[in-house]
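Q: Each chain is listed here by its residues.
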Amino acid sequence: MKEVTIVDCGTGNISSVMNAMKKAGANPIVSSDPKKIGRAKAIILPGVGLFGYFMQELRARKLEEPVKKALEEDRKFLGICLGMQVLFEESEESPGTTGLSAIGGKVVKFQTGKVPQVGWNKVEPSKKGIVKEGFAYFTNSYYPMPAGKEVVAANSNYVIDYACAVQRGNLLATQFHPEKSGIYGLELLKRWLEC
Amino acid sequence: MLTKRIIPCLDVKDGKVVKGKNFNKLEYAGNPVELAAKYEGQGADELVFLDITASIENRKTMTELVKEVAKEIFIPFTVGGGISMVSDIAKLLNSGADKVSLNSAAVNNPKLITQAAQRFGSQCIMIGIDAKKSEGKWKVFTQGGMINTGIDAVEWAKKAELLGAGEILLTSIDRDGTKNGYEIELTKSISESVGIPVIASGGAKDPESILKVLNEGKADAALAASIFHYNKYSIAEVKKYLKENAMAVRL
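Chains as they are written, first to last, in the UniProt record's numbering: chain A, 1 to 195; chain B, 1 to 251.
These are calculated hints, taken from the structure and not from any lab test. Every value quoted in this text rests on a predicted model; they were computed, and no experiment measured them. Heads up, none of these hints are tricks.
Footprint (simulated), chain A over chain B, 3 or more residues, beta carbon under 8 angstroms: (1) 72-85; (2) 94-108; (3) 113-127.
DSS-like, lysine-lysine: derived pairs with alpha carbons at most 25 angstroms apart: (4) A:Lys114 <-> B:Lys111; (5) A:Lys122 <-> B:Lys218; (6) A:Lys132 <-> B:Lys240; (7) B:Lys13 <-> B:Lys71; (8) A:Lys149 <-> A:Lys69; (9) B:Lys91 <-> A:Lys23; (10) B:Lys13 <-> B:Lys91; (11) A:Lys22 <-> B:Lys67; (12) A:Lys190 <-> B:Lys71.
In this text, a Cβ means the ideal position worked out from N, Cα and C, and glycines have one as well.
Only chain A is shown next, with the shape it has when bound in the complex:
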């Protein structure tokens, strides 16, 4: 069974990600130990809550450096929801807080429609990859705006079109929650494990 390390930074629904990874056939380990994360082969960064608070917790736990290193070395990595947003440089949610800056671009707030967006929305792949077409579960007030289009793996529409998944090398990040997207999500997790 493939071992995956889920980064625990005190926020985020760790147990949902654990349960889904088990179901997808992985052996998930939860850790907030910088050393373990520093040498983990496959990392998941889940997250819900505030951008600024999440980065603050990541720094307080000395996890920013090992997570950045994993991203620089292009180790297998999955960012979910806020765990996707913090991969960017900054967010309108927490002005002044720097993100992990692994992907160029910023995170901005929905200006129309009910906020947060809550529910199932269509994921439309923009290139061939492990993200397939289907419905996934979203709950977000902010969305990522990558600086370069080449990283975009799929788009979704909530009044406007935006990038709901990015993929670059061994990095995959989704604005939706694959761990809560039924069979569609479990299959994506399986493909991520296998690729």
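Add chain B to chain A, keeping to what the hints say.
A: Frame of chain A; chain B shown alone:
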């Protein structure tokens, strides 16, 4: 395009699913984990578990049940009933719940909404409003429908949003379990008064009544219990009907 959600609700008492009428007259309706798995298979978009006696008897919600459900179910689920402190919320979310629904405690202590939203994010803080018409106005009731707070339901919904709520779960006590159709007028006025999603509850009768509350009531999601528990309609049938009537749903 965001789809409208169909949410079966499982009222839980002593670890079993029950269903009542007008918040009373309970009948046994099934095993929570089995029913949850059945509904996920039928295409439910989310699930809501309400510990319906917790608020009255001041019991804490069912952490063990939440853990069991979380292992089997891979769609979002909300837990409500008897949640009165930030530590209760932490326990439920850590056990695998995706959201919590705060009801009486939020009315008695509105600061709880803000504290919870700041710590866990608005996306997991749902505010349950149990409303009933009293002297021609919609009032908020607490303690499982027993206490009329005198608070205007629309005003409370607006305030809850300002305090940090991420969703409103609106239940009409008069319609609960009656299969008389949803309270359209109330749902519409709350949905149009807030910028967060509103889940309509109470009175689901048939697919037509669900279409009506989504269309005319402007609800973002419809919650139902009786019509699904007793196999009157499956969730798949309801969603198929909605799709045939030009409503965006996940099929």
